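> Under this note's numbering, the letters of the sequence shown match residues 5 to 299, in that order.
By construction, these hints were calculated from the structure, which means they are not laboratory data. Owing to the predicted nature of the structure, the values given are computational and were not obtained by experimental measurement. In this text, a Cβ means the ideal position worked out from N, Cα and C, and glycines have one as well. Some hints here could point you the wrong way.
Unchecked claim - Derived CB-CB ranges, DEER-like:
| id | residue 1 | residue 2 | range |
| --- | --- | --- | --- |
| 1 | Ala245 | Ala110 | 38 to 46 Å |
| 2 | Arg249 | Arg220 | 19 to 27 Å |
| 3 | Asp65 | Arg212 | 25 to 33 Å |
| 4 | Thr173 | Leu60 | 39 to 47 Å |
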Amino acid sequence: MPAVDHHQHIFSAGSAALARGFRPIDGANLIALLDAAGIRRAAVLSSAYLWSNPNLPSVDDEYARVKAENDWTSEQVARFPERLRGLCGLNPLRDYALDEIRRCSADRSLRFGIKLHFGNSDVDLDNLDHVVRLQHVFRAANDNGMAIVVHMRSSITRRRPYGAAQVRTFIDRVLPSAPDIPIQIAHLAGGGTFDDPKVDEALGEFNRAFRSKDPRVAHVWMDVSGIAGYGDWRDKAALIAQRIRGVGLERILYGSDSANDDGLSPQAAWAAFRALPLSEEQFRTITTNVAPYMR
Numbered sequence: 005m006p007a008v009d010h011h012q013h014i015f016s017a018g019s020a021a022l023a024r025g026f027r028p029i030d031g032a033n034l035i036a037l038l039d040a041a042g043i044r045r046a047a048v049l050s051s052a053y054l055w056s057n058p059n060l061p062s063v064d065d066e067y068a069r070v071k072a073e074n075d076w077t078s079e080q081v082a083r084f085p086e087r088l089r090g091l092c093g094l095n096p097l098r099d100y101a102l103d104e105i106r107r108c109s110a111d112r113s114l115r116f117g118i119k120l121h122f123g124n125s126d127v128d129l130d131n132l133d134h135v136v137r138l139q140h141v142f143r144a145a146n147d148n149g150m151a152i153v154v155h156m157r158s159s160i161t162r163r164r165p166y167g168a169a170q171v172r173t174f175i176d177r178v179l180p181s182a183p184d185i186p187i188q189i190a191h192l193a194g195g196g197t198f199d200d201p202k203v204d205e206a207l208g209e210f211n212r213a214f215r216s217k218d219p220r221v222a223h224v225w226m227d228v229s230g231i232a233g234y235g236d237w238r239d240k241a242a243l244i245a246q247r248i249r250g251v252g253l254e255r256i257l258y259g260s261d262s263a264n265d266d267g268l269s270p271q272a273a274w275a276a277f278r279a280l281p282l283s284e285e286q287f288r289t290i291t292t293n294v295a296p297y298m299r
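Given only the sequences and the hints, what does the whole structure look like? Please build it.
Below is the structure:
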């Protein structure tokens, strides 16, 4: 079994209601899900960025709600310190982003890293102002020794551009601001499923950087959450396995994503992942990989 599930979420009653159709999941609920799967530990990625999602209803006192969600996540993680490790959630485009990084860096349960969701924050890597704001956020995380887990797929709802050009901008303009911390790219550079051809294009650009030993990606990891078990994954199983090998087994982190909405439980997600055409040795390498922020 995987040593760590590197991509899990919990949801307060407020964030679950905001997301429409989600149900609350607290720390105890997540522990029960992990126990059913036989997985000991998990990275808990705060969903606080939902409160600033432009595709959801706007709220009053947004920053206060973001802080409250991060604080609730911290409290839940603190109940299970041997099992769960929390990461602070925020929208990198908001004026309060740097303040929240500093605040979370002093929190015993959230000081390990931050979670960014480019799709739910409507980050556009073709927008220079967005790139500059990302540079500030990545530099602040680096200065505070906080890892970054980033959902890079830009907004599908708003049809933002995404592919090789945007990954190249990320590597050239954003990653140099965080040279000392682990960067975990979620969902094999996608947004969940491997059905979108733009995801394969984006991943190909990362793979070119990996193969050329570009020093800017030396600290970049890829998680496989939301891939096996979703969309037309059975038809693409051989391609997914090929792309995982292309990334390099040593860079792959196992993750299953949230069990909310139509999401798979950790147990079901692991069963789907095991159905990919990888060798036992390759599975063993992935299950024993542990990101530095979880050590």
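> State the violated hints by number, sorted upward, taking the hints as numbered earlier in the document.
3 and 4
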